[in-house]
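*Asks:* What follows is the residue order along each chain.
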Amino acid sequence: MDYLHKVFAIVWKDIIAEFRTKEMFSAMFVFAVLVIVVFNFAFELRVSGDEVRRIAPGVLWVAFAFSGVLGLNRAFVLEKDRGCLDGLLLAPVDHTVIYFGKMLSTVLFMLVVEVIVLPVFTAFFGVNLFDLRLLLVVVLGTLGFAGVGTILSAMTAQTRAREVLLPILLLPVAAPVLIAAVKATAGVIDGLALGEIAHWLQLLVAFDILFPAVALMAFDYVVKE
Amino acid sequence: MLWDGKMKRQSDTLLFVLTALSAILMLVALYLALAGAPEANLKSETGRYAQRIIYFHVATAWVGFLAFLVTFVGGVGYLRTQAPKWDIVALSSAEIGTVFMLGVLVSGSIWARPSWGVWWVWDERLTISLIQFFVYVGYLMLRGSVEDPARRARFAAVYGIVAFVSVPINFIAIRMWRTQHPLMFGSEGGGLSPNMMFTFFFSLIAFTVWYVTIMWHRIRLERLRDDVERLKQRIVG
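Those sequence lines, one after another, are chains A and B.
Mapped onto the working numbering, the consecutive letters of the first sequence carry residue numbers 1 to 225.
Mapped onto the working numbering, the consecutive letters of the second sequence carry residue numbers 1001 to 1237.
Be aware that a few hints might be false.
[What the hints assert, rightly or not] In silico EDC-like cross-links for lysine to aspartate or glutamate, where the CA-CA straight-line distance does not exceed 20 Å:
1) A/K224 - A/D94
2) A/K224 - B/E1147
3) A/K80 - B/D1012
4) A/K224 - B/D1148
5) B/K1085 - B/D1012
6) A/K80 - B/D1148
7) A/K6 - A/D86
[To be verified] Computed footprint of chain A on chain B, listed as stretches where at least three residues anywhere in the stretch have a Cβ under 8 Å from a Cβ of chain A:
8) 1155-1168
9) 1171-1177
No lab work stands behind these hints: they were computed from the structure.
We treat Cβ as the ideally placed atom computed from N, Cα and C, and that holds for glycine.
Based on the sequences and whatever the hints tell you, model everything.
*Replies:* This is how it looks when you write it as structure tokens:
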């Protein structure tokens, strides 16, 4: 319980910082919507009517992934720039607490963005995305994306290239998340039963467990001086 | 500690022998692949020629993935011991793996054009090889972006491990997504005849020896670089 308490302390710190600055959320949200708008321009010429349903899952997850990269980048770059990372590391907690705290706050920001983007998407494209099963897919996909993204972001924040490097390291590794999330989302949009997309959900769950476990073991090496 | 003179001479002799051996093996493999192996039972003439690329293509892919395993092992070794030699192994293997993975993509494309009529399809093994290639590129870019050697080694090790863990799950995801690649050892037709098998496995061995040889050269290079650095310090300091 104590461990969770410490994790939530970090999440709470991030939430308060976000309420004061409103930097991350607004950037992530506006960027996600812009990605959708750009896709609209890109596809409008060749896709129409019912076909929109076929491209919707891909467009949606590209928007989530790209805005997620923005959020992940800020998660550690902010701490690094203002010297807060050293403060966090000096705190008398296990370093994995920092990993989980940062991961959960990123998940939280991404989820808030995603939950708002879904109705926007529905309005823009006329594809009904109000579905609890879709929410499950979104949560699982976001967890996986942020789970592996957080440890990579902790590394790239300490490199010379910084923001540029994260998507290059993250996207190949997170490819299974994107494939599974897009497939599961397509299943939901096509009205399949939960059982028919279960194998994709299982893959997401496996990913969601595997990478935090790896990060748990490796995070110490990433943050120590 | 500088390399002891006698040990160094011995290891250099051994490396020379190994280099010569892998040169011979590669030449024999080349002969077998181009002329030694029997014609494939295919209708089109270009298809029959193109089929011969598989001896090198599959061996290249094997080395590409083997190199990735070595990078992973080197990373784990480094994190456990903090000994720079593990990092050198990981780096050398990643560099070689990048080149081989590019070789896989190029040779695969050359084969795919006459056989499938396209340069590229998003088939499972092609996709995983492409992603693997990008992981290698990311690995090398990450290294290039960190100055402090100890931190560079640590970051590289962690990324090497994360990326390696992602291989099987990537493979599962992509396999569930689609597959079109010919199976080498399928129970039905399209497999290799015993004579082809010989060339196939000969290439695998030749490429593996070649990989070990380049690894050795690369590690030796890094060691010599260290020596030069130390000598410089001694003269200047």
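*Asks:* With reference to the structure, classify each hint as holding or not holding.
*Replies:* How the hints compare with the structure:
Between A/K224 and A/D94 the CA atoms are separated by roughly 12 Å; this keeps the pair inside 20 Å, and the hint holds. With a C-alpha separation of about 15 Å, the suggested pairing of A/K224 with B/E1147 holds against the 20 Å cut-off. The straight-line distance between the Cα atoms of A/K80 and B/D1012 is roughly 46 Å, outside the 20 Å bound, and the hint therefore fails. A distance of roughly 13 Å separates the Cα atoms of A/K224 and B/D1148; the hinted pair therefore holds under the 20 Å criterion.
A hinted pair counts as satisfied when its Cα atoms are at most 20 Å apart, and B/K1085 with B/D1012 qualifies at roughly 18 Å. Proposed proximity of A/K80 and B/D1148 is supported: the alpha carbons are some 17 Å apart, at most 20 Å. The hinted pair formed by A/K6 and A/D86 meets the criterion: a straight-line CA distance of about 17 Å does not exceed 20 Å. For a cut-off of 8 Å, the count of residues in the segment 1155-1168 of chain B with a CB near a CB of chain A stands at 9, and the three-residue condition holds.
Closer than 8 Å: that is the beta-carbon criterion, and the segment 1171-1177 of chain B has 5 residues meeting it against chain A, so the requirement of 3 holds.
Of the hints listed earlier, the one the structure fails to meet is number 3.
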